[in-house]
Each structure stands twice: as C-alpha cells, then as structure tokens.
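> Taken in order, these protein sequences are the chains called U and D. Heads up: take any position in the first sequence, counting from 1, add 435, and you land on this note's numbering. Heads up: take any position in the second sequence, counting from 1, add 435, and you land on this note's numbering.
In case anyone wonders, no lab produced these hints; they're calculated from the structure. Don't take each hint at face value.
Repeated chains share a single entry, so a pair holds when one copy, or any two copies, can fit it.
Unchecked claim - SDA-like mimics (lysine to any residue), calculated; alpha carbons at most 25 Å apart, straight line:
id, residue 1, residue 2
1, K517, Y491
2, K481, W513
3, K481, Q520
4, K454, N534
5, K502, F539
Protein chains: 2
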Amino acid sequence: MIRYGQSIKLKPGMYEKYKEYHTSVWPEVAAMISECNIRNYSIFFKDDMLFAYFEYVGNDFEADMSKMAADKKTQEWWDVTKPMQQPLVTRSEGEWWANLEEVFHQD
Amino acid sequence: MIRYGQSIKLKPGMYEKYKEYHTSVWPEVAAMISECNIRNYSIFFKDDMLFAYFEYVGNDFEADMSKMAADKKTQEWWDVTKPMQQPLVTRSEGEWWANLEEVFHQD
Numbered sequence: 436m437i438r439y440g441q442s443i444k445l446k447p448g449m450y451e452k453y454k455e456y457h458t459s460v461w462p463e464v465a466a467m468i469s470e471c472n473i474r475n476y477s478i479f480f481k482d483d484m485l486f487a488y489f490e491y492v493g494n495d496f497e498a499d500m501s502k503m504a505a506d507k508k509t510q511e512w513w514d515v516t517k518p519m520q521q522p523l524v525t526r527s528e529g530e531w532w533a534n535l536e537e538v539f540h541q542d
Numbered sequence: 436m437i438r439y440g441q442s443i444k445l446k447p448g449m450y451e452k453y454k455e456y457h458t459s460v461w462p463e464v465a466a467m468i469s470e471c472n473i474r475n476y477s478i479f480f481k482d483d484m485l486f487a488y489f490e491y492v493g494n495d496f497e498a499d500m501s502k503m504a505a506d507k508k509t510q511e512w513w514d515v516t517k518p519m520q521q522p523l524v525t526r527s528e529g530e531w532w533a534n535l536e537e538v539f540h541q542d
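Generate the whole structure from the sequences, applying the supplied hints.
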C-alpha cells in the first residue's frame, strides 16, 4: 500500500458548490475510484486549500490513473469539478493535484 | 474512529531540519502518540506547508491531547519542533496545527 498526499486550491467562492458535489459523489465516479484501487480517500479544506489523503492498494498506479481518466462518467465529473479548482503553480509537470512529500509516518 | 486533517507552515529554510527529526522520531514521543490513540499518522510537505492526517481511535480526544501535552518527553520534542513551525493566522482559538474540514470521504 502506498499513501498519497495531494493539494490543490479552490477558486474563491467555490467552496459551497464543491462541498455540495462531494457530499453526494456520483455512484459511477465512486465505483471507479474503488476499481482503481484507491482506499481510505479523504479530502480536507481550509482557506481555499484542498488537501487529499488516500491509500493506493494496486500494483500499477499509472495504469490505474489512466483507466480512471478514460472513464466517461469520471470525465464528466472532472468537467464539473476542475473549473472550481486552481492548481498550485509549484506542481510538477503533468500534475493537476500536486503530490506532496511524506515526511513522517507512524502506523 | 475519527479522521483528522491538520495544517501548519514551516518557517523558511526549516524543511531539512524538520525532515531529519521526523525520520527518527524519539521513541518516547512515538509511544505517547500511540498511547493517546492516534493511528495511521502521516505528515506531508510542499511549499513550506505541512499537512497532517491521522485517525483517532479513542473516545476522548481532548483528554488524550491533554495527556500528551503533559508528557515531559513530548514537551521536549515540541520545544525543538515548534520553533520550526509557523501556525496559520486563520487557525481557531487554542489551535497550533489548524484543524481542516473534511469535505469528502470514501472508504
């Protein structure tokens, strides 16, 4: 299992809408997340920043992310959610959510 | 179990020192974290921001946090680590690490 921490900003004023969508995530999107081997997935918010934590239990993260990106319903979901987000200028090439570095872990 | 997301800043230039301490956390401090019912505790870093994720498995978080705060070795640890940190100006009264709001979770 690999732990991921990620971050992205919300555009100002987008919090209520973003929260509303995420309190009733579309079932097909939720199913695809599970199918792509993501578990214990939380998103937290403060000061227009979003912080995601999840655990990847598969054995090919890139392949699973490609599978997710090819899913029609997930694409529709992103068409709604991405315009609310403002990716970090410091993110790495190819990232939307920026990956964070794990500096500490204790089970 | 209750999930917590928290955030705090690192003062500029403090990353290497902070990381060094957290790759070899003092055993007494690690033991106290477990004794205070904190599990699956990760800290992530990017752009001078720290994000923490942990799961609380006890039944009195305030009491456990008071117990931790009363521990001598933990106090020594905080004497070292707190000066590296810069708490968010938007944190709530009484917070050091600011608590984040959970906007999404999927097991």
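> Does each hint fit the structure? Answer for all of them.
Results of checking the hints against the structure:
{"no.": "1", "hint": "K517 x Y491", "result": "within (22 Å within a copy, 31 Å between copies)"}
{"no.": "2", "hint": "K481 x W513", "result": "both (21 Å within a copy, 24 Å between copies)"}
{"no.": "3", "hint": "K481 x Q520", "result": "both (14 Å within a copy, 18 Å between copies)"}
{"no.": "4", "hint": "K454 x N534", "result": "both (22 Å within a copy, 17 Å between copies)"}
{"no.": "5", "hint": "K502 x F539", "result": "between (30 Å within a copy, 22 Å between copies)"}
Against the hints set out earlier in the document, no violation occurs for any number.
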